[in-house]
Amino acid sequence: MIMISPTIKIFFIFLYRDFYVYAKRINYYAINYGLIVPLLYIFSFAYVQPQVYFNGNAQLGIPTFIGNISLLLMSLTYNITSHMLFDLLNDRFTEYQISILPGRLFIIKEILFASLWSFLLVIPFFPLAKFLLGSIFVTSHISWVSVYALLYLAALCCSAYHCLAVCIMNKAEETRHFWMRVNLPLFALGGFWVPWHIMNSFSPWLGTILFANPIIYITEGLRQAVIGGSQFLSITTCVIMLSFYICIFTVLSFYFFRKKIDYV
Amino acid sequence: MNNAPVFWALLRRDLKIIRQSIFSELLDVGCLLTMQVLVFGKFLPLMGMPQENIAPLYLVSICQMLFLLGFNLAFNRVFDLKFDRFIEYHLSLPLNKKWLFGEYIVSFMIKCLVVSLPLVTAGLFLLRSVISLAHANWILFFIMYLLALLFFALFFQFLSFYYEFHWFLDNVWPRRLSPLFLLSASFFTWHKVYHFSKPLGIFFLCNPFTYITEGFRSTLLGGYPYLPIVYCVSVIALCNVLLIRLLAHAVKKTLNPV
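Protein sequence lines correspond, in order, to chains A and B. Counting from -12, one number per residue, gives the positions in the first sequence under the numbering used here. Counting from 2, one number per residue, gives the positions in the second sequence under the numbering used here.
It should be emphasised that the hints constitute simulated quantities derived from the structure, not laboratory data. Be careful, since some hints might not be right.
Only pairs whose alpha carbons sit at most 30 Å apart, straight line, appear in this in silico DSS-like list of lysine-lysine [to be verified]:
# : chain 1 : residue 1 : chain 2 : residue 2
1 : B       : Lys254    : A       : Lys158
2 : B       : Lys199    : A       : Lys117
3 : A       : Lys158    : B       : Lys193
4 : A       : Lys11     : B       : Lys254
5 : B       : Lys17     : A       : Lys158
6 : B       : Lys193    : A       : Lys117
To be clear about the criterion: a stretch of chain A counts as covered by chain B if any three or more of its residues have a C-beta under 8 Å from a C-beta of chain B, and this derived list gives those stretches [what the hints assert, rightly or not]:
# : region
7 : 23 to 34
8 : 163 to 172
9 : 178 to 186
Being a predicted model, the structure only gives us computed values, none of them experimental. Glycine residues also receive a C-beta, built at the ideal position from the N, C-alpha and C atoms.
Chain A on its own, in the form it takes in the complex (with noise of 0.2 Å):
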């Protein structure tokens, strides 16, 4: 029989709990993020947009509508992080948590269920793109197991950052700067329009500081998964990068939760 310790066994019963308490609002969940959301999305961004801003060109609409995705996950897994700043302000579950388990697997259970929940619920996205879209929404070149590997890395790394902001903001006030200040310009400059070989070609300067933005690796990874093409980022570089990224706001959330609550 494997013997799991304490630790980890309580580890996953508070990630159950977490699942536990989420499933009885999975109607919200599923509703708005699943569905309204998505459609939204398909059918402003993939179905109107090219119409509109393309003349009709549905294959230029599509690189555009595949960045959105970005914006959804940002939402979606911010939303699932914030409850912690929410929950310090007020009935401070958090801090009975810490008291059984460590502070650095407190964070991490918190990055691992937001990454999971919020991947479930980005699932049907682009399937549901297909069969609404049809024939617009070109998918020869697709690969499904890099577009679900890059969609969970995708949301791991959302989560991660989204944990490191919620570790870092002092107050629930300070959420609109927080996103007009800098979820705005990393998603807008992270491929969520454009892709990165127009911003690059507008200025090359630009380009290489783009690099640096995490965002652009989700977008410019499922682009490549889902169209090809040598004007996207390589499948590899994106996961490499992406990976990196999470390591990095991982350790910086240990670090800035250390400093919030001061555990010992």
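With chain A fixed as given, assemble chain B onto it according to the hints.
Using the frame of chain A, we list chain B on its own:
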């Protein structure tokens, strides 16, 4: 009850707060504006978007700016209703409740005007090579702007009073704001949508945001091919009257003031 002195005192207090936070607000909205100028003015044309689309799409940023400022107002209000309850102090003042909510709306309108106008002007200046304002009707634009400000103030006050804190945080973006924004003529001009699909064009006419964005386009870029300004002004004015009724209902539901 003499309402005017308390009204002015509250307004003066709000103006002082606006003065103190103006740089922070300008920074927030400035980030949005920079992104809009880059994306709509520089990047999308490189992807193949015709130059004539830049001006109507850039003008969406006015609407987006007001949208985000309105959301901030609503967020602060629901936060106050849930935690700080500063509103209870306001309710205890010797001021008619209609005047109090009138003050909230006027203060929001002033804040939006102060924050958004310089940035919109800066954006128009940056994109002057592709945006021609030769046909702009500035008086009509200002009327449309004021009506839009009133609309946003009423709409976001209504949302903050009508919905409970957790519902607001979890659902207001995906279920209310995103559909209103994306299913309007915000990112597309109405005539192009109507040209592409007539039922869709008619459906977009049911959304007040269509009239706000088209109103801005019509007044700044000239009448055709945008919705006539008379329609836009009339519909927004009507929506404002409706929102006043809805706000009164929402306030009564949440605060039950006597």
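query: Given the hinted pair Lys17 (chain B) and Lys158 (chain A), is their alpha-carbon gap at most 30 Å?
result: holds (22 Å)
task: Compare the distance between the alpha carbons of Lys193 (chain B) and Lys117 (chain A) with 30 Å, and conclude whether the hinted pair is satisfied.
output: Holds, at roughly 25 Å.
- prompt: Do the alpha carbons of Lys254 (chain B) and Lys158 (chain A) lie within 30 Å of each other, as the hint requires?
  reply: Between Lys254 (chain B) and Lys158 (chain A) the Cα gap is close to 28 Å, so the pair holds against 30 Å.
- prompt: Are the Cα positions of Lys158 (chain A) and Lys193 (chain B) separated by 30 Å at most?
  reply: violated (44 Å)
query: When you check the alpha-carbon spacing of Lys199 (chain B) and Lys117 (chain A), does it fall within 30 Å?
result: holds (24 Å)
- prompt: Holds or violated: are the alpha carbons of Lys11 (chain A) and Lys254 (chain B) at most 30 Å from each other?
  reply: holds (27 Å)
query: Taking a Cβ-Cβ distance under 8 Å as contact, does the region 23 to 34 of chain A have three or more residues in contact with chain B?
result: Per the Cβ count (6), the hint holds.
message: At least three residues with a C-beta closer than 8 Å to a C-beta of chain B: is that true for the region 178 to 186 of chain A?
response: holds (count 4)
Coverage criterion applied to the region 163 to 172 of chain A (partner chain B; beta-carbon cut 8 Å; 3 residues): holds (count 6)
Checked against the numbered hints given earlier, the structure breaks only hint 3 and satisfies all the rest.
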